[in-house]
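**Student:** Assemble the complex: chain A is given as a structure, and chain B must be docked to it using the hints.
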Amino acid sequence: MLLLTFQIGPEAVGLDIRRVREVIPRVRLQRPTGGPAWLAGVFVYHGRVVPVIDLHQLAGHAPCPHHLSSRIILLPVAGDAAGEHLYGILAAQVADLREVPDGVPAMNSLVEDGGIDLGSTVADGGGVLRLLDPERMLPAAARRQILLAAGVPA
Amino acid sequence: MTALPVTPTDCWNRIGVRGDRSCPELVQHVHCQNCPVFGAAGRRFLDAPAPVGYQDEWAARLAAPVEDEGGDRESVLVFRVGGEWLALSVHVLVEVSNPKPVHRVPHRTGILAGLVNVRGELHLCVHLAKVLGITAPAESPTTPATGRLLLVRRDADRWVFPVDAVDQVHRLPRGELRRSPATVSRAAADLSRGVFHHRNLAVGVLDERRLFEVLRTKLR
Numbered sequence: 001m002l003l004l005t006f007q008i009g010p011e012a013v014g015l016d017i018r019r020v021r022e023v024i025p026r027v028r029l030q031r032p033t034g035g036p037a038w039l040a041g042v043f044v045y046h047g048r049v050v051p052v053i054d055l056h057q058l059a060g061h062a063p064c065p066h067h068l069s070s071r072i073i074l075l076p077v078a079g080d081a082a083g084e085h086l087y088g089i090l091a092a093q094v095a096d097l098r099e100v101p102d103g104v105p106a107m108n109s110l111v112e113d114g115g116i117d118l119g120s121t122v123a124d125g126g127g128v129l130r131l132l133d134p135e136r137m138l139p140a141a142a143r144r145q146i147l148l149a150a151g152v153p154a
Numbered sequence: 001m002t003a004l005p006v007t008p009t010d011c012w013n014r015i016g017v018r019g020d021r022s023c024p025e026l027v028q029h030v031h032c033q034n035c036p037v038f039g040a041a042g043r044r045f046l047d048a049p050a051p052v053g054y055q056d057e058w059a060a061r062l063a064a065p066v067e068d069e070g071g072d073r074e075s076v077l078v079f080r081v082g083g084e085w086l087a088l089s090v091h092v093l094v095e096v097s098n099p100k101p102v103h104r105v106p107h108r109t110g111i112l113a114g115l116v117n118v119r120g121e122l123h124l125c126v127h128l129a130k131v132l133g134i135t136a137p138a139e140s141p142t143t144p145a146t147g148r149l150l151l152v153r154r155d156a157d158r159w160v161f162p163v164d165a166v167d168q169v170h171r172l173p174r175g176e177l178r179r180s181p182a183t184v185s186r187a188a189a190d191l192s193r194g195v196f197h198h199r200n201l202a203v204g205v206l207d208e209r210r211l212f213e214v215l216r217t218k219l220r
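Chains as they are written, first to last, in the UniProt record's numbering: chain A, 1 to 154; chain B, 1 to 220.
If we strip away everything but chain A, and leave its shape as in the complex, we get (with noise of 0.2 Å):
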């Protein structure tokens, strides 16, 4: 399995790239009054509104940084069939691909109820390495919200 791998505060993440819509440069994105505090912004891709998550701020670390390498990642809405509905994920040192072999031994997550879930955790060389899934690394109230913003039925 090749992995997109990037960095959510200090844990190396890595993301099925066949998840993966596209990788885009952090835009300048505006910050919605009233929105969650999880929402980094919305930007408009190609006409269409398109919500971005600072996993960093949502996992409870610092926001993540202005840097190049700092880019969004652009996955389809769990749930909509025809995949019109995209959202977007803001990390760090979205810069690498990674070959991880299918079945490869891993731990899963120990998460609070609520809490965010960065997926299961392998091996990675001497570091540890956490398996992103995108249907499990929003709390369900965060869930929802893109579900009911994307007009997708819940």
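Since the hints were made in silico from the structure, they are not lab data.
Worth double-checking, as some hints may not be accurate.
[To be verified] If you want the footprint, here are the derived chain A segments under chain B, 3+ residues with CB under 8 Å:
(1) 21 to 28
(2) 45 to 55
(3) 65 to 74
[Stated by the list, open to error] The calculated label-pair distances, taken between Cβ atoms and stated as ranges, are:
(4) B:Pro-49 / A:Arg-31: 12 to 22 Å
(5) A:Asp-96 / B:Val-105: 47 to 57 Å
(6) B:Pro-51 / A:Ala-123: 30 to 40 Å
(7) B:Ser-97 / A:Pro-63: 39 to 49 Å
(8) B:Pro-65 / A:Ala-140: 28 to 38 Å
(9) A:His-66 / B:Gly-83: 43 to 53 Å
(10) A:Asp-96 / B:Glu-176: 38 to 48 Å
(11) B:Pro-173 / A:Arg-31: 37 to 47 Å
(12) B:Ser-97 / A:Asp-96: 39 to 49 Å
(13) B:Val-27 / A:Pro-105: 31 to 41 Å
(14) A:Gly-35 / B:His-91: 45 to 55 Å
(15) B:Asp-10 / A:Arg-31: 36 to 46 Å
[Stated by the list, open to error] Residues from chain A that keep clear of chain B, each with C-beta distances beyond 12 Å, as calculated:
(16) Gly-79
(17) Pro-101
(18) Pro-105
Positions of the beta carbon are idealized from the N, C-alpha and C atoms, including for glycine.
**Tutor:** Same frame as chain A, now just chain B:
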């Protein structure tokens, strides 16, 4: 992953390929560009803050609606020979390279310029201007900065010809081709499928099938 130290120094300039080549890692990596230390140093550029205007520029670029690529399109490479802008389908294009020395063939003149070595293979080099009857002088003289060699191939035939400048690959809707104006020389008109307008220039699209036929018969 190797355990090489990620030094904040420019070791490639001191002991690497741009220095005295004394670095022991060169035995394994051959060139600094394959070495993880060099790669890590390059990646540090991405840790710099984005330049002023970068975020706004990308926001504007991504906000634009997707260009409707409807209809049948073909890709042609636009280049200049003498005073004429021409285009050739990318299907026959193999390589665009920097100018290389042309070795003349004794007792052969005319459209055959000679032999050219491209990546170790010898190819026949032809004067496209003479094939097309282009005599108009170039509006800007050929300089080493803009001159290129084009290597083209169709079936087993390979030809190289020098051009005075290469623009870019243009996505051409098939319906956009107009008939060549009557001012175009006879030879050029026979070898062209039509013209299209690109940046206020009339670009003649060469018929690759006819061009290869003519080259083959003239140089038999």
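**Student:** Does each hint hold? Answer for all of them.
**Tutor:** How the hints compare with the structure:
1. Coverage of a stretch by a chain is defined here by at least three residues with a beta carbon nearer than 8 Å to that chain's beta carbons; for the region 21 to 28 of chain A and chain B the count is 5, and the condition holds.
2. Closer than 8 Å: that is the beta-carbon criterion, and the region 45 to 55 of chain A has 3 residues meeting it against chain B, so the requirement of 3 holds.
3. Note: the region 65 to 74 of chain A has 4 residues with beta-carbon separation from chain B under 8 Å; the three-residue rule is met and the coverage holds.
4. For the pair Pro-49 (chain B) and Arg-31 (chain A), the supplied restraint of 12 to 22 Å holds, since their beta-carbon distance comes to about 20 Å.
5. In this structure, Asp-96 (chain A) and Val-105 (chain B) meet the distance hint of 47 to 57 Å, their C-beta atoms being roughly 51 Å apart.
6. Separation of Pro-51 (chain B) from Ala-123 (chain A) is about 38 Å and conforms to the stated range, judged on CB atoms against 30 to 40 Å.
7. The beta-carbon spacing between Ser-97 (chain B) and Pro-63 (chain A), approximately 48 Å, falls within the hinted interval of 39 to 49 Å.
8. Judged by the Cβ atoms, the range 28 to 38 Å given for Pro-65 (chain B) and Ala-140 (chain A) holds: they are separated by roughly 34 Å.
9. Checked against the given bound of 43 to 53 Å, the beta carbons of His-66 (chain A) and Gly-83 (chain B), roughly 49 Å apart, stay inside it.
10. Checked against the hint of 38 to 48 Å, the pair Asp-96 (chain A) and Glu-176 (chain B) passes, with Cβ atoms roughly 42 Å apart.
11. For Pro-173 (chain B) and Arg-31 (chain A), the hinted distance range of 37 to 47 Å is satisfied, since their beta carbons lie about 41 Å from each other.
12. For Ser-97 (chain B) and Asp-96 (chain A), the Cβ-Cβ distance of about 32 Å falls outside the hinted range of 39 to 49 Å, so the restraint is violated.
13. Separated by about 35 Å at the C-beta atoms, Val-27 (chain B) and Pro-105 (chain A) satisfy the suggested range of 31 to 41 Å.
14. Gly-35 (chain A) and His-91 (chain B) have their C-beta atoms about 50 Å apart, which keeps the hinted 45 to 55 Å range intact.
15. Taking the beta carbon of each, Asp-10 (chain B) and Arg-31 (chain A) are about 41 Å apart, inside 36 to 46 Å as hinted.
16. Every Cβ of chain B is farther than 12 Å from the Cβ of Gly-79 (chain A); the closest lies at roughly 24 Å, confirming the non-interface assignment.
17. Look at Pro-101 (chain A): its CB is around 16 Å from the nearest CB on chain B, clear of 12 Å, so calling it non-interface holds up.
18. Against chain B, the non-interface label of Pro-105 (chain A) holds: every CB pair exceeds 12 Å, the least being about 19 Å.
Checked against the numbered hints above, the structure violates only hint 12.
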